[in-house]
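Listed in order, the protein sequences are those of chains L and B.
Mind the numbering: the first sequence is residues 1 to 287 in my numbering, read in order.
Mind the numbering: the second sequence is residues 1001 to 1485 in my numbering, read in order.
Hints are computed from structural coordinates only; laboratory data are not their basis.
Since the model is a prediction, treat every value here as computed from it, not as a measurement.
The C-beta atom is built at its ideal place from N, Cα and C for all residues, glycine as well.
Incorrect hints may appear among the rest.
[Said to hold, decoys possible] Per label pair, the in silico range of CB-to-CB distance:
1) Pro1364/B / Arg45/L: 48 to 58 Å
2) Ile6/L / Pro1226/B: 35 to 45 Å
3) Asp1251/B / Pro19/L: 46 to 56 Å
4) Thr1358/B / Asn69/L: 49 to 59 Å
5) Ser135/L / Glu1277/B: 15 to 25 Å
6) Ser1236/B / Ser135/L: 42 to 52 Å
7) Asn69/L / Gly1133/B: 53 to 63 Å
8) Asn69/L / Asp1251/B: 36 to 46 Å
9) Ser1479/B / Val243/L: 15 to 25 Å
10) Ser1479/B / Asp112/L: 15 to 25 Å
11) Ala1058/B / Tyr68/L: 52 to 62 Å
12) Arg1092/B / Pro221/L: 46 to 56 Å
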Amino acid sequence: MSRLSIPKTYKLFIGGKFPRSESGHTYEVTTSGGKFLANAALASRKDARDAVVAARAAQPGFASLTAYNRGQILYRIAEVLEGRREQFVAEIMASEGVRAGGANKQVDDAIDTWVWYAGWADKYAQVVGNGNPVSGPFFNLSTPEATGVVAAVAPQSGSANSLLGVSAVIAPMLVSGNTVVVLANHTQPLSAISFAEVLATSDVPGGVVNILTGDVAAVMPWLASHADVNALDLSGGADLEWVSWSQDAAQTLKRVLPPSDGVPLRALERVTFFTELKTVWHTKALG
Amino acid sequence: MGFLDYAPAPESTSILNLKKSYGLFIGGEFVEGRGSSFATISPSSEETIALVAEASDADIDDAVKAARGALTKTWSKMPGSERGKYLFRIARIIQERSRELAVAESLDNGKPIRETRDVDIPLVAAWFFYYAGWADKLEYAGLGQKPQALGVAAQVIPWNFPLLMLAWKIAPALAAGNTVVLKPAETTPLTALLFAEICQQAELPSGVVNIVTGAGATGAALVSHPDINKVAFTGSTAVGRNIAASLAGSDTRLTLELGGKGANIIFDDAAIDQAIEGIISGIFFNQGHVCCAGSRLLVQENIHDDVMNRLQSRLSTLRLGDPLDKNTDIGAVNSKAQLERITEIANSGDSEGATRWTASCDIPAQGFWFPPTVFTNVQTSHRIARDEIFGPVLSVLTFRTAEEAIAKANNTPYGLSAGIWTEKASRMLAIADKLRAGVIWANTFNKFDPASPFGGYQESGYGREGGRHGLAAYLEGGSWKGGAK
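Build the full structure now, drawing on both the sequences and the hints.
Below, the structure is given as structure tokens:
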């Protein structure tokens, strides 16, 4: 008699923990062929707010790590992801209906994305910062730093890149020390939550990345208008109400990155978009 | 006469050669506006200086068309080195006409001639000179190999530094290869109109710079025009929010330089006499009409009384009066409406329980004036500690530890500026790291330079003006926003 397998309970990832939705709601996730795969947590408005609280609490500490340390944490994510490759390949094949080659390619790209951004952590400030030759006896230096808490929409169905999509959105934000609340691919959320297990075992402090699954359109308005969210990444919002969210965000002057067509490309600009430039003047004098 | 009383030393207005009325500057010519006209007055005397046209929607459409035409026919085809030469010419003419511009600015705005002559106008020339040199070096700006101009920029500026804000907007826009339609503030259009004459003297190709005058409705019509590629706005956070919401989902690029409630932090080891001067330049420079003003003084508790005594003593020596008098420190408030707003918020300080101190000075019978005012016993919840007053009103709070100073300084939705006064450089740098503000002045305040980026965090807006980073507001570097299916 064959052994009965043990399916995983997919939950949310908030503050380094894996809670169910406080609402008690779940929704059915299926294969591309419509076969039942899992019941994913349907995040509520309250879950989103809890995630913002966790992200805000984690932000100053994460931003004050040395850039070298943050780079190592991002690289560690790549290491742990590589070690769990088989799990992700199987999960992607089941939920996205792709063959092993395609699934492996997606995992390769996700790992390489983390490695690429890891290397930026202790370099981007040198590329985008500036010493400024002002007309007077002043030391004057402009340096970038994290914007704060970012709410993000990962690429949604159609892109069939549930792991790569969430990685391509989160990684650049973490480079400078932002913390993130990300809404996973609605129809293919499983590898995003499994990816949370990678984060939880990769020296990423709890609360730095918070992953919600569920109805993006229902949760996003609350994050877009949340006064303690500093920026929005609407990469996956093209087919949703992203303009309305942008209007909500204007009330607190959030920085808003509009939708990408598919999975965002690797770019230094994705790092710098979620930074603020700080310019410090200091007097110079011999005595 | 006491030793602090000086004989009047007014700068002569004979250097001005103003017209009785001004039209709009569209396509390189002054044209009659199709709307009504309004008077721009001197806030120190309430006398009319000139009549100014209020641009109608049709006028704005003409101005945008002129800017679009100049962009496609001349400006985008011209090598950067030639664009730069026009900007150098403009910088030189501003230097040549600097005294005239300083007098006009003081007359129209109410700020002291000492500031327009020594700060505003020299910086205006410096801004054009700085960006002139960038025009043929854009590929070195760190924005990609072939950065491209955005197109036609709609620019709306405030009344607190009229010509300087014009320079902050127009110099980088033109250097980057854009053409512009700029609307100066309703109460301070004069120097923008003189700048239009300077563009003519520099033989700037027609339509590259267009100046439309008017009030809020004119500005709203300009920033919502369908054929613009970029909006740059400096002004209130409330208007900034509306612009951001109206442009949501469009391809029009936006930079916003909005309000502030800057903290000026004084530690007990600071050079106190220098700090006193810094406090004063932080909040009483330009009558406090400064978005990055150090309007919240955070003073370490053990030196509070000493700092207040010295501050009040020093403030008592400031001279309030005729903006054109070379001895004047504090000029007129820019408008009746602004005076009413300052008065209203200051009154809330009384009613909420803070203690008001006002420098004793004679208030002229005509014009709009508010004497230097300091509130002590201020709580972080008071309106005077939270709202931008945009006037010569300082709110004083205390702290005991650096951590408390940081927490109080960051306790605001704004994030434009901050000051730190301490002789300990390591403490200064550690605190600068923790402050959520775009510009931090250590042992100085309210310094500006074309090479130094300026702009805020959070509700103080986004984007930077000045320096290499200021070019990013007017250039498109490449298509990094795309994705892969």
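Verification of the supplied hints:
1. In this structure the hint that Pro1364/B and Arg45/L lie 48 to 58 Å apart at CB holds, the actual value being about 57 Å.
2. In this structure, Ile6/L and Pro1226/B break the distance hint of 35 to 45 Å, their C-beta atoms being roughly 59 Å apart.
3. In this structure the supplied range 46 to 56 Å is violated for Asp1251/B paired with Pro19/L, their Cβ-Cβ distance being about 40 Å.
4. For the hinted restraint 49 to 59 Å between Thr1358/B and Asn69/L, the CB-CB distance of approximately 52 Å keeps it satisfied.
5. Hint check: Ser135/L to Glu1277/B, Cβ distance near 20 Å, so the stated range 15 to 25 Å holds.
6. Checked against the hint of 42 to 52 Å, the C-beta distance between Ser1236/B and Ser135/L comes to roughly 30 Å, which is inconsistent with it.
7. Here the CB-CB span from Asn69/L to Gly1133/B is close to 39 Å, at odds with the stated 53 to 63 Å.
8. A beta carbon spacing of about 39 Å between Asn69/L and Asp1251/B agrees with the range 36 to 46 Å that was offered as a hint.
9. The given range of 15 to 25 Å is respected by Ser1479/B and Val243/L, whose C-beta atoms sit roughly 21 Å from each other.
10. Under the hint 15 to 25 Å, the C-beta atoms of Ser1479/B and Asp112/L, about 21 Å apart, fit the expected range.
11. About 60 Å separates the C-beta atoms of Ala1058/B and Tyr68/L, a value consistent with the hinted range of 52 to 62 Å.
12. At roughly 53 Å, the beta-carbon separation of Arg1092/B and Pro221/L lies within the given 46 to 56 Å, and the hint holds.
Checked against the numbered hints given earlier, this structure breaks hints 2, 3, 6, 7; the rest are met.
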